[in-house]
Amino acid sequence: MSDMLTPVLTDNWGDERSWTIEAYEAQGGYRALSKALAMSQDDVIAAVKDSGLRGRGGAGFPTGMKWGFIPQDNPNPKYLVVNADESEPGTCKDIPLMMASPHTLIEGVIISAYAIRANHAFIYVRGEVLHVIRRLQHAVKEAYLAGHLGKNIHGSGHDLELVVHAGAGAYICGEETALLDSLEGRRGQPRLRPPFPAVAGLYASPTVINNVESIASVPSIIEHGPDWFSSMGTERSKGYGIFSLSGHVTNPGQFEAPLGITLRELIDLAGGMRNGHKLKFWTPGGSSTGILTDEHLDVPLDFEAVAEAGSMLGTRALQIFDETTCVVRATLRWTEFYKHESCGKCTPCREGTWWLVQSLAKLEKGEGTEADLDVVLDQCDNILGRSFCALADGAVGPITSSIQYFRDEYIAHLTHGGCPHDPAASTLFAPAGASA
Amino acid sequence: MSTPGSTPRTGEVVATDQVTLTIDGITTSAPKGTLVIRAAEEIGIQIPRFCDHPLLKPVGACRQCLVEVAMPGPNGELRTMQGPPGRMKPQPSCTLVATEGMEVKTQLTSEGADKAQQGQMEFLLINHPLDCPVCDKGGECPLQNQAMSNGRGESRFSAQGMVKRTFPKPINISPQILLDRERCIVCQRCTRFADEIAGDSFIALVERGARQQIGIGPDAPFLSYFAGNTIQICPVGALTSEDYRFRSRPFDLVSTPSIAEHDACGAAIRVDHRRGKVMRRLAGDDPEVNEEWITDKDRFGFSYTRSDERLTYPQVRDEETGELRPASWPEAFVVAARGLAAAGASGVLTGGRVTAEDAYAYSKFARVALGTNDIDFRARQHTGEEASFLAAHVAMTAPYTGGVTYSDLEQAGVVVLAGFEPEDEAGTIFLRLRKAVMQHGTRVVAVAPYTTRGLRKLNGRLVATAPGEEGDALSALAGDSEAGLDASSVIMVGERLATTPGALAAVIDLAATTGARLAWVPRRAGDRGALDAGCLPNLLPGGRPVADAGARVDVAAAWGVAQLPETPGRDGNAIVAALMSGKLGGVVVGGVDPDDTPDPAAFRAALAAASFVVALEQRETDVTRAADVVFPVAPVTDKPGTFVTWDGRARQFEAVMTNPASLPDLRTLSGIAQEMGRPLGWRTTDEVRAELLQLGAWDGARAPFDAGKAPKVAKAPKRGALRLVTWKQLVDDGTLQSGDVHYRATARPAVVRLSQTDFDALGSFTTEAADGRPVAMVTVTGDRGSVTLPAEVADLPVGTVWVPARSFGRGVLADLASPGSSVVVKGEK
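Respectively, the protein sequence lines represent chains A and B. Numbering-wise, the numbering used here puts 280 at position 280 of the first sequence, and it's gapless, one number per residue. Numbering-wise, the numbering used here puts 380 at position 380 of the second sequence, and it's gapless, one number per residue.
These are calculated hints, taken from the structure and not from any lab test. Errors might be hidden in some of the hints.
[Said to hold, decoys possible] Example chain A residues on the side facing chain B (calculated, C-beta under 8 Å, incomplete):
1) Gly-344
2) Arg-350
3) Phe-388
Treat the numbers as computed from the prediction; the structure is a model and nothing was measured. Just so you know, even glycine gets a beta-carbon here, dropped at the ideal spot from N, CA and C.
Based on the sequences and whatever the hints tell you, model everything.
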């Protein structure tokens with residue numbers, strides 16, 4: 001069973017004081033850095049391109065191709081920015097990674113910055129996770145002392161300053177251009193594109209923005225080679241990734257496996273559904289990805305297959321809900337999150353989420369008619385693809401998908417005059433065997 | 001764009017690449033870079049929008065202008081833009097650049113685009129209050145109008161019993177501007193205007209989601225000279241002015257286009273009035289002049305015409321009581337005519353506020369009725385050097401004679417400001433200069449005492465000068481490679497430069513050696529018109545030199561008089577001196593505030609000494625109180641007229657209202673001249689305009705520039721004394737701003753500015769203001785009085801002190817000292 005796991009990023013998480021540079025180096029850390037510095041910068045980019053690594057932040061854009069977009073003839077400095085603003089409901093992979101093994105990320109940053117010829121890199125960390133920020137800051141200090149950062153790294157002639165920057169608690173700052181505005185000290189709201197960050201990003205200079213897990217995967221690709229990486233995964237979704245299982249499974253947690261693993265396999269790895277219950281619905285990659293049901297247990301979790309199933313692989317944050325859970329209630333909670341986090345820049349997101357929350361709240365209370373359900377779907381139709389950035393697309397994903405799969409349950413609320421579920425039954429402290 | 005020499009001049013045809021696209025089945029072409037929403041406008045297709053504004057950068061926030069777009073794919077076939085795949089993804093036409101072969105379907109031909117637009121409109125309205133019946137914007141509201149044209153009649157949100165977001169109403173974001181947050185659709189037009197156009201980033205978005213709103217800093221209200229523009233461009237009724245809020249409905253107003261009377265910029269305005277009362281003024285749209293922006297002074301400064309002190313009937317001095325008493329117009333004409341005849345030699349002083357037609361009337365009145373060249377429009381510090389400069393280099397220059405224009409500023413590589421602070425003295429020029437700097441890379445160099453807020457917003461370079469040093473500083477610019485003046489450069493000379501002897505001569509030399517072009521910018525709306533009308537001792541109308549016999553014959557023939565006085569007359573200073581010495585007996589004063597004159601006390605004394613004073617005024621002043629005959633003349637709202645801008649454009653306007661109780665100056669002067677037996681030949685503005693047209697400009701040689709006597713070497717200030725430098729801030733105590741309480745409250749506080757060295761020399765004296773902040777009060781004492789104001793340190797040259805000219809008491813000239821003279825500054829414990 002556990003032979004399905006491919007622990008690379010998570011391999012050292014169980015080590016004694018795994019976050020220290022000594023522990024990291026003891027298990028081979030920073031070897032990839034030496035190897036990369038001996039390579040030409042274009043060869044590093046080529047290796048990442050050849051590996052087939054796709055962005056682990058959700059969108060799945062090929063990382064090497066992104067690096068290749070940086071115009072090297074641009075006279076401005078180049079910047080590398082790591083998006084560590086992990087705030088999506090359900091998503092919980094980057095924060096444990098930075099907590100358990102910050103040096104994996106830092107080594108990736110150094111190699112990546114070397115490849116794109118950036119002398120300044122930033123890790124933009126979600127502001128609420130102060131413990132992670134402190135751990136990262138300490139690790140960066142260790143890396144400077146070890147000579148991995150600073151001027152003329154290990155005699156390579158390459159300089160790199162790395163800044164750990166704390167966000168101020170806004171989900172929108174995970175959107176890459178809003179992140180850049182926030183990093184520049186402005187109000188974090190998405191920017192108009194074009195120009196794209198690769199051309200005019202941070203301080204109007206060429207900028208690469210990558211997710212923590214993407215950058216953290218770089219050292220292993222350099223160390224073991226792109227073929228090793230691409231031997232894992234599926235045809236167009238190469239490599240391994242961290243799958244975060246949460247919710248109604250026996251042993252929730254992080255499972256690092258090749259892309260293409262199925263939920264059925266992952267639930268088995270997590271010890272099955274919690275005792276006596278069965279799967280009702282789940283998110284493949286955080287709350288922004290439309291929900292799936294038990295009919296999708298065997299969908300390979302890679303970018304293509306999940307898209308084909310009508311959702312998105314996203315951040316592989318698998319929130320598992322069993323039959324005790326009211327889907328209307330869950331959807332309302334998610335929608336409340338998006339209403340709270342909508343930055344307010346564009347109309348459909350700002351106003352649409354305000355209305356949707358009220359609509360769903362009424363439906364949950366069993367008020368209204370089935371026609372209101374169609375109004376909700378029409379609101380979603382007027383939001384999806386009409387907003388400035390993808391935040392609002394994420395907001396309507398759970399709503400439309402939950403109505404698609406559980407329309408009867410919505411109607412049951414209306415006929416029942418309220419929620420037919422016992423909310424306590426879905427809690428993790430509910431007595432075994434409790435049911436709706 | 002800013003490469004000197006390579007920039008295209010106005011009027012030059014520049015080949016642009018065009019792209020061809022289809023909008024709603026209509027094939028059209030547009031220059032590369034055109035936004036789809038603009039290309040659609042060009043062919044008469046209106047796409048609804050809120051955040052879009054043609055003079056602001058695209059933002060794509062409101063999502064109202066969504067349209068269906070197809071682009072040619074690699075195989076040339078059109079592919080509709082989709083997202084997620086299989087679903088048409090409408091694009092915001094306000095951010096989308098038109099490209100070759102693009103096919104756009106607006107709400108007119110695409111169901112999807114129409115549905116998307118209706119959807120956005122519905123969202124915009126869910127949190128918008130339905131208070132249109134009491135909202136100032138109701139009736140002229142883009143949201144109201146477009147909700148009717150592109151929205152649904154019934155609200156599903158309300159029908160479902162949903163709850164709108166509310167905010168306490170309203171909040172002040174400045175003393176003048178109010179914000180009703182629940183009406184705001186956060187299109188960011190106001191914040192973008194403040195950032196991009198005015199450069200006053202005092203408003204910004206705060207909070208997020210549906211609670212996102214426009215906010216100000218805790219101690220930083222939206223104090224901007226241009227703040228009122230945000231009210232006008234607000235597409236809903238979220239921004240209102242204290243001045244106009246709840247005063248009237250747009251459909252009750254009559255709108256008359258006009259020209260702003262507060263500076264020499266000639267900004268187009270729209271005057272909205274109701275039942276004989278001006279309710280508000282808005283910016284007009286004139287791309288060549290003010291684009292769509294005006295200063296707050298032009299917008300809010302109009303209630304002076306309703307002042308209680310407004311004169312409504314003529315008055316004559318009663319021979320028995322010696323008091324002024326009401327008189328009929330005919331009686332007043334007769335008394336004025338007799339009095340002037342009896343007074344012997346008389347002069348004419350006009351302020352810079354009269355229209356070009358009225359200025360012409362004064363000019364002709366002086367020559368024909370009084371037989372004198374003793375006339376001067378410069379109710380401020382002035383010199384003979386300046387009069388010569390104006391005659392030789394400024395009179396009758398205009399865009400069609402090759403004069404510098406607003407758009408030339410955008411093309412200029414470098415603009416030198418000399419004796420000129422555009423933000424305070426000519427706000428419309430300031431905005432155009434800022435556009436030049438921000439969009440076209442123009443560099444600004446200011447020969448000025450310190451880096452003003454305006455200069456900072458222009459990213460300008462300061463050539464710090466003490467009063468008296470401007471000439472040398474300007475001469476040095478010729479060889480200054482950092483400034484890099486060349487033929488694409490413009491030197492803007494303010495009227496204040498005249499106070500430094502030799503500075504105008506230096507400007508002329510600088511222009512000649514570098515090839516840079518010259519522009520003179522007076523402060524008042526009527527100054528340029530008065531110059532062209534010959535309200536100067538050395539000039540006849542149309543730029544004709546008095547000293548030129550041919551020019552005199554030209555004018556005499558046109559006027560049908562035998563001859564005109566031959567010798568150049570007295571200027572303002574000399575007229576005052578001559579009245580004191582008795583060489584002049586009478587004086588006609590039109591629109592002069594004694595406190596604007598170089599020596600207010602001397603001016604008042606001259607009025608007292610004059611044997612006969614005729615005053616033409618709108619309201620009671622020290623001049624009317626000293627006059628023997630007082631005529632209530634019409635303000636700009638009550639008469640047609642023309643203001644000639646700094647760049648020589650004749651900006652005609654018509655009367656906004658008819659008010660039989662106030663006649664234009666020209667009608668009054670015509671009446672007096674008639675009674676004197678020397679008729680001027682016209683009685684109406686139209687007749688004057690016809691005569692001006694017929695007279696035309698002088699086609700002979702300009703008077704040569706004569707710098708006059710070699711400039712005196714300025715006396716070094718006495719030990720411990722500082723040299724005074726001053727100008728008027730945009731919002732100050734000027735008479736045309738009286739009565740506008742909320743507007744006046746937006747004035748920058750009156751402070752004394754001095755160098756760090758001079759400040760430190762005052763010793764320790766900082767005290768606490770009422771709000772607990774430290775404030776340093778200083779007393780400045782000159783030969784005419786003293787003033788105590790807070791002090792601020794600025795990058796002034798050591799030995800120099802700046803004080804605002806008209807922001808306390810009766811102003812610097814009356815209550816402190818003459819600019820350039822020595823004053824003593826002391827710290828107040």
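- Contradicted hints - numbers only: Of the numbered hints given earlier, the structure breaks none, since each of them holds.
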